Structures are given as structure tokens and as C-alpha cells.
Amino acid sequence: MSQRAAATRTTAASAASGRSRKDRLRMALGFEGIGLLLLVPLSSLLFDKSAVTLGVLAVLMSLLATWWNYQFNLWFDRYYLAPKGRSYKTAPERLGHALLFELGLLAVFLPLTAWYLAISLWQALLLDLGFMLFYLLYGYLYHWAYDLLFPIPEQPANS
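Position 137 (the sequence shown) corresponds to 616 in the working numbering; numbering is contiguous.
Derived by calculation from the structure, the hints in this document are not laboratory data. Quick caveat: nothing in here was measured; it's all calculated off a predicted structure. Every residue, glycine too, gets a C-beta built ideally from N, C-alpha and C. Errors might be hidden in some of the hints.
Computed beta-carbon distance windows for the label pairs [said to hold, decoys possible]:
no.: 1; residue 1: Leu612; residue 2: Lys563; range: 28 to 34 Å
no.: 2; residue 1: Tyr619; residue 2: Pro590; range: 23 to 29 Å
no.: 3; residue 1: Lys501; residue 2: Trp601; range: 39 to 45 Å
no.: 4; residue 1: Pro632; residue 2: Leu539; range: 17 to 23 Å
Please build the complete structure, drawing on both the sequences and the hints.
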């Protein structure tokens, strides 16, 4: 593919998704900030670990997840929604979006959690699955609310 064709495809994908880099950054940072404020105290109570210990792990995970959030949402919009010529997600697409996002994170977080907390991979899996369930529900609700608060302007159809 020529550079011109690639640039045209990227521009078309950005126009179809309607989200600027600034908007995507706001979306990702808001997601992680609110998520940490909810998750750290809750997980400290549920898993009988100090808020500081889980907080350090959660912040590290949050930094990685923020990067993944930005990249994954850009990819999803560019390679899934843009070819369909729309910027909105259906309910099943939102579910698939959330599941794929969390599975990508689990692949990285499992060994990190086991190492940092000095626990078995099984225990890390159970902890990470608890975090995943939290973020699965939270991610679905957050992105839905974000789309309502910051709607994407509809693009005119090409004739």
C-alpha cells in the first residue's frame, strides 16, 4: 500500500471515528482515574491486602492499561467501526469491545501480579479475574456514559 493510500485510510478512519487525540486521551485518563478511585479501596477490603500494596500495583497496572486503552480504542475504531462507516457501537459490539480489551490486559497483568505480590499464578489469576470483572462492568458503563456525555458528531455520508 502506498504512503498516500495509507494516509488517506488513516484520515478516513479518523473522520469516521470522530474522536480527536485530545478526546481519546481524556477518555483514557478519566477511565483510569475513576477506576483507581473505585478499585483500590474495594480490593483492599475484599482481598485483605493493604491499600498501599494494592494501590502501587493498581497504579502500575493503570499506567499500562492507559496506554492499552488508547491503543485498543484507536485500533477498534479504525479497523472495526470505520470500515462499517459509523462511529457508534451496538450493545453486542460494546460487550465484545470490553471482553477483548480485558483479555489483552490479562495477558500482561497475570505474570506482573504474581511477581509483585509474590503469589502463585493461580492466585494471581483469581485476583486478576476479580479486577477484570470489575473493569468489565465498569468499562461497559464508563464508555457508554462517555459516549453520552461527549457524543461523536455524525459524519455526512459520502455520495
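Quick rundown of the hints versus the structure:
1. Leu612 <-> Lys563: 28 to 34 Å: Since Leu612 and Lys563 have Cβ atoms about 29 Å apart, the given range 28 to 34 Å holds.
2. Tyr619 <-> Pro590: 23 to 29 Å: For Tyr619 and Pro590 the Cβ distance comes to about 26 Å; the hint holds.
3. Lys501 <-> Trp601: 39 to 45 Å: 42 Å, holds
4. Pro632 <-> Leu539: 17 to 23 Å: 36 Å, violated
Violated hints amount to a single one, hint 4; each of the other numbered hints is respected by the structure.
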